[in-house]
Every structure is written in structure tokens, then in C-alpha cells.
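Colleague: Given only the sequences and the hints, what does the whole structure look like? Please build it.
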Amino acid sequence: MGRKIQFNLDGVLLKSELAKIDRSKLYGSTKKVVKSSEGNDCVLSDLYEGSVILPRGSVSQVLVDKKGNSISRSDLIGFNSNSQKVEKVPSIFSIENKCSKSTIDEFLSVNVKSIYQLKIDEADINDWKKSFIEDDVYHFDFNYREDFEGDDAYIIFNGSEFFAVVGKKNDFEYLELNNIIVDDGEDEEIEDDLDFSMF
Amino acid sequence: MNSLIQIKKTIKDYKNLRASRYIPVRGDEIGTRVFELDKYYISTKIDGHLCFLINYKDNKLICNYNGNSFNRNELLEEFLKTVGDNEGVFVGEIFSYKENDRTRSFELKKHLSDKKSDIRIGVFDIIESQNETFSENDWIIKKKILNSVFSKSELIFAVKELELKSRKDIQNEFNSRVNEKNEEGLIVRGESGPVFKIKPTLNFDFVIMGYVVGYTDDPTLLKELLFGVNLEKDKFLIIGKVSSGFSIDDRKKMVSKFEKIQVDANIIEVSGSKIPFTMVDPTHVAEIDAIDIINSNTSGIISKSVLKFKNKEYSKEKNSPSVSLISPIFKGLREDKKSSIEDTGLNQISRVIDLNEEKEAAALKKISKIICKEVYVKEMKGAKMVKKFFVWETNGDDTNYPKFVFYQIDYSPTRADKLKREIKVSNSKDQIEQIFKQNIESDIKSGWNKI
Amino acid sequence: MIRYIKIEDSNNRDAELTFKSVRTGSTVSLAMENGEKPLSKKIIKSSKEKNLKSLLKKNDPSQEDYNNFSEDLISKDSEIDFELFGKFIGKTERIYTTESFDPVFNINVTEKILNPKGEVIEERKPNYLNSNISGENIIKWTKKYIPKMKLYNKVVLSSKYQIKHVNGLTYDFLYNMAKDLNDKNSFMMVGGGKGNDPLVFNDGGKPFRGFLEGRVKDKSYCLILHISNQEFKGV
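Protein chains in written order, with my numbering: chain A, 26 to 224; chain H, 8 to 458; chain L, 228 to 462.
Careful, some of the hints might be misleading.
In silico DSS-like cross-links for lysine-lysine, where the CA-CA straight-line distance does not exceed 27 Å [said to hold, decoys possible]: (1) Lys15(H) x Lys91(A); (2) Lys204(H) x Lys233(L); (3) Lys46(H) x Lys204(H); (4) Lys277(L) x Lys427(H); (5) Lys366(H) x Lys116(H); (6) Lys269(L) x Lys425(H).
Worth flagging that the hints you see were computed from the coordinates, not collected in a lab.
Modeller: Here is the structure:
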């Protein structure tokens, strides 16, 4: 049995578990198999200076100060863009998560990192449905573990299931005739598991 | 913006962000790649070095994007005389001037330290002026300021622009200035937006040094070529790789050609498909086009391998400053050329761009010295678990090594992940010894015996 | 590099535009108490030669081999390269090797298809898809308006690209498209090929369904291409 999370949806106290939805559990997945021409399984390693092969796990990332002395990650503090210290965002398991009504447009602006299905006890389902009568969308701050920055999470209902959609919302830039903006930079490669098979 | 640190950050950001946002367009792509706009402002591209003209109460200099002064006092005097009370940061191209001849950046390098040489600056942008900052789209305002501030000097002047109405006009101007008068290229600006850098396609002859197969996952088709230039008869500098421009027929034929001339190498050059290039006898020459060439990027100076070819084998000699080509395209094999200084030498690159200076090789590293070592053992069900803790002094150079390393081994022969390692580094002996003690305290509980 | 895309509108006219992914980065950065940002360095911790199987000189060591290795560790330090470990490194390159970390010069790539339970149901040659949004390809207006209220909780619109004009003509083109979608409060489903194909952004990439969303504010607009490869479905 998973841990229950407490939600406060505009004054209504509700709870549920969260089950992460892995796309592969819905549609399956593909796994790339790379073999040498002799039929041996291949792995990805790192190559340093053309001759030093470093198997995965051979390189460590460390933090140092400007004098080259070791810094532990647990000693670091969060600062916002105005160089002000920020408090840690508590884990969703340790607090009553305050959820406020949001808009569909804001929800649609989110770059999605992960999706959770809400596992709600049968006894509580109707209470949940009462809060989602008119295509309501609720926003809360999401942190699986306590950390300095949380993500944006939105609870939605599709008529049969409740989902928490986690990611980062965007402020879209409105363009006028006289802004011809040319962007540079690489887009991240979109990775996926299986040929799309909807509709 | 008053402190030198702030200024240096601003000019570095400018180089990394704005200067890299010029859209490269080949001369034959003007009609398709230059956006259709109502008005264009064009100027001849000056082939020099990016420079910043800084005028604040406590900071007056003309420097490169790293904040290093060009040390031309006559230019600094001229700048301060011209700019007067106008505080701010202006952006220009510093170049070696020769009457009736095009500018070339390698000539700037040669002439900069010769105080008698004629060095000038074409100013083309403003970062800040009289406490006002400007965006890329404020061209009309910036143009007005530049023209009024830098109108009187021949040494430091606002870059002249011609206003055109159509891409056809741009093409005509390109033909005249670049194709006929051999200028480096054109800069084309839209009124409220993009800046295009139009250059003729660069064309090179390079030695083919390696290949990989696997185009569209088909092992019979060539995927990529590795190429370089001759530094000496049997010494090569790697330049880059190319994967486009081949027909299917090219891909098939080249695989059978190169299969016959495979050679050994004690160094691996990796292709875009994460497999090493199969190295080949450096006999074939490829013609390669590119839209641009760079010798540094946001990570710093571009540096690649120098390989020696002896007894049918490549071996690595060192790393050396090199270049990267932007959008290289394979044009064909040059059967009429051979791997040589004359046909495929360093001149292929240096006629177009300077190579950065080679850094002094790091001195040979002295042997590390173990300062602390403790070994602990615990026996359980006939198996011995071992934990080892070390601190050593690396005796390496600052750039490549920390002064001290803490290292921990945790071995359990019956565990799934049998050999675990942990590492921390520091330049402080006190700190590293503290880390050593703390790790032993937290990891060595009852049942462990010190050896 | 600047990325171009050709999109068609409801009148089957198309235009070449630019596009860029929309992504908000971190708003919080980590630093020391005094505000100094730490430097992140990569260091070498192990190597091919000091890998356990290399030290045991066996591809398939027995439990006895592992047990005996404890004695080696006690008496020697052969598991550590004191000259290499701790060295700072910059960029490395990814390379395919065998499981004993020898470089591989020719590879055969296949793919295993797994069902939702993780069971292998097929092994085949990878299905290589070419990009259908670049070059001369035109993204088609399918005429399938889907109200936002109907789509938002049905499919996961995971990533977004903003489509941008390049001159006055394309400003009008995109503004009108955005206004149409804004006024109808709907998405437009877009497709590759003849209009029904999912979008493949890069050669060798995966397919996604595309949905255009338009928003306007006076004379300004934003046109967003949302992409999706998943429904809101429980397990």
C-alpha cells in the first residue's frame, strides 16, 4: 500500500495515492539492441582523449569552490533570480498540498515531465468528483522529495480517472509585427519508446 | 555598468549570444534563405576580429571579448577623442587596412604588434550608450547614434550601409562585392530583426583518413568520412567529419574502395554514430564545401588530434588548435589531387581563418604520493569484505589535477554490486584529511578490523 | 541553428516560418551560503583496466574468484590508478564497446518490441523514419478543429514549439491562423505527408501527433504547436 497524499482543493480536504504512469505500461516499448558484427552485445562507454576507454560509472561529478576545495551538495542553498535565499519546498508527502483553481490555458502551457494517476479509495471518489464538475483544473507545487525548487503540478479529471500532470508551465511570448525574433540553439532530442498508435 | 568584471561579463555574453545569432547564408541561397522584408541594410563584412570600445569613467579601453586590450594607443586616443562624453560600450571589427584590398583577419594578427601598421575599426553595434541598453531590434536608433558619434574619424568609423529593397538587389550587390571584388561577405540586416551573414561557400580539399558504414542502418553504405590536412608529409591534423552530400551510389562505391586500404591506429576517432572510424591509408582527397569555419566556440579554442602515419599505422602525437566546419557537404573525390602539403596542406585552412596559438604542453606529471591509507576487513560466512581508504597528493598541474584525492574502496564478494568506489577532491590538505577521518568514522562500525 | 518549418492554413496556402521549442528553465540555482556558485567538475574514478572483470582477468569469474580477490585487495592496491584517478576531464565521446570494453568497429542494430508487461514480442530491424517537417515538407491543416475543453484531458500535450513569423506577410498569415483558433477556442490537428501522418521532427526520430493552438492579444499573437504521443489513460 502506497503513501497517501493530502490535498486541499480550495478548502476541500481530500487524499489519494499517486501511481506514476510509465508510457511503456500503456503502449509497450522498444529497446534498441546493438551487437558487434561478431554478434557480441555492445554497451555505451566514454572515450577520453582518443585512447582511454571509460566504462559507464567511471566518471564522477564533484563540486568544488573557486579554491578547488570540496563542497558537499547538502551544504548548498537555493537562490532565486534576484539572488535571494529561498526556502526548501517540502515533499508532497509531508504537507497538506494546497491546490488552487487554475485555467485550462495555463495547464496547456506546461512542458510535461511526468504523469501520475491518482489512486483514490472507492469511499472518497464521489467527494473528488464533486470538485471537478466543470472541467476544473487545480494547481499545486510538486516535489517528490524536499528540495529548493518544486515543479508545477495540475490535477485533472477525464471523466473516468484523475491525473496529476507534473512539469513546468510556460509564459508564452506574444509576437507583434515588428518583432522578428530569430532563435538559435539546439532543441533537445525527443526520445520515445514506441511508434505512436493513437486515433 | 561600471566595474571591469561586469563589463567583461557583458562583452563575453554579447559574443556568445548576439554575435552567434547571425544567420549564415550561402551566396547561392540569398533568394531562399534571406527573409522577404520591406527593407534591408547591407554592408561589406570586415574580416578582422571582434572588438569592444569601452568608455566609462574608470574603464577606457579597446579590447577583445576576453577583455584583453589590443594595445593600440593611437586607436584608444582616437576613440576617446571621437566619443567624447558618450559613455558606453560599442562593438566593432578591428582590422588591418590596405587601400584597394579586402580585409583579412590573419593580416591583423601579423600587423597588430607593428606600431607603424594601419589598423582601423569599423563600429557596427552598441551594447550601452548613456545608460541606455539596446536590443537587437533597435537598429534604427542605434544606427542614428553610431552615425552621429563616429562620423568624423577615418580610423574608427561607423560601418557604411546601403539600403536595398529586394533580395534580387542583395544578390547583385553580393555578386559585385564578393564574387567580383573578392570581399569576405555581406552583412544584411532587417529593420526590426534578423541579421544575415552572407558568404560564398567555402571550398576545401582534405585528406580522407577514416570512414564508418551504416547509413540508414545499412552496413553496406558509407555513413561518414573523417578528414584532415597535412602538417607534414605523414603528419595530419584532424579537421572534422562529413555525413552529407553523398549519393547512394557514392556510399556503396566508397565502402568497397576503403575496405581495401584499411590501416591500424592506436587512437580512436569517434563518428557521429558512436563507433570508431575505421582508419584508411591517407591517399584519397575529398572536396568539401561548408558555409562557415570556426576556430573557437563557447567551450573555448577548438583543439583536435595530430596523427602521425608510419608503417601503415596512425598514432597520436598530441592535440593542437584546429577548426570546425559548419554544415560540411561532400562534393566528390579529387582524383587529380593527392595527400601533400601542396594539395591538402594546412594552407587549406589558414587561407580562410587563423589557427589559435598552441598552448604550452603541460610538464610531465610527477608521481602521486600516498599520504594516508587504512584497510579494514570483516569476515562473514567465510567471505572477506574489504574497505580501503586513501588520501594521495597528485603532484599534477593545477589545470588537470586537484592537489589531493580522497578515495574509498568498498568490496563485498557476495553482493550484487561487488566493488564500489567513492572519490572526493580538494586543494586543501586539512580538508582532505578531515574527509578521510569522517568517512572512516561513518563507514566503519562494529565487526570491522583494521589491518 | 535556426529551424524552418512550412505550415499550411485553412485556405491551403503555405508559408515558411521559423520555430523553436518553448521551455522554462530553473528559477532557482544552488550556491554556497555566501552566494558563491560551486564549480562542477568531472573527474576520473575508474577505468577499463581497473574494472573488476579486468582485474580478475576473466569474463565469467566464479564465486571463488571473487572470494580470492579480497586477499588481493588486502595485499595490493592494483584496483587503483593513482596517476589517472582524480584527474579532471572535459568532454568525452560516447562510443560503443563490447561488454569487456573493447571498441567495436561495425555494429548491427535491431530493436526488441516489448508489450506493456515488458515481454518481448518481436525483434526486428529498426524502422527508420525520415523527418517530415523539414525541407520541402509542408505541415497540413487537417480541418479537424478540436475544442480545447475536449482535448486537454484526453491526450498528453507534452512538448511545445512556438511558430514565428519572418516578415509582414507571414505575420498576417500566422496572426490570422492564431485568431481563428483563438476565436473557436480550439486546437487544429496538423499532420505530415498528405495530412494524416504524425510529425517526425528529426531523421531517425519518433512520430508525434501535432496540435496547433492560437492565442491573440490585440495585434499580437502566439501560435503554439503542441505534440503528443500519449493519452490520459490509467493502468
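Colleague: Each hint needs a verdict: does it hold in this structure or not?
Modeller: Hints, one by one, checked against the model:
With a C-alpha separation of about 18 Å, the suggested pair Lys15(H) and Lys91(A) falls inside the 27 Å cut-off, and the hint holds. For the hint linking Lys204(H) to Lys233(L), the alpha-carbon distance of about 23 Å falls within 27 Å, and the restraint holds. A threshold of 27 Å between alpha carbons decides the hint, and for Lys46(H) with Lys204(H) the separation of about 16 Å falls inside it, so the pair holds. The suggested pairing of Lys277(L) with Lys427(H) holds, with an alpha-carbon distance near 12 Å, which does not exceed 27 Å.
For the hint linking Lys366(H) to Lys116(H), the alpha-carbon distance of about 17 Å falls within 27 Å, and the restraint holds. Between Lys269(L) and Lys425(H) the CA atoms are separated by roughly 24 Å; this keeps the pair inside 27 Å, and the hint holds.
In this structure, none of the earlier numbered hints is contradicted; all agree with it.
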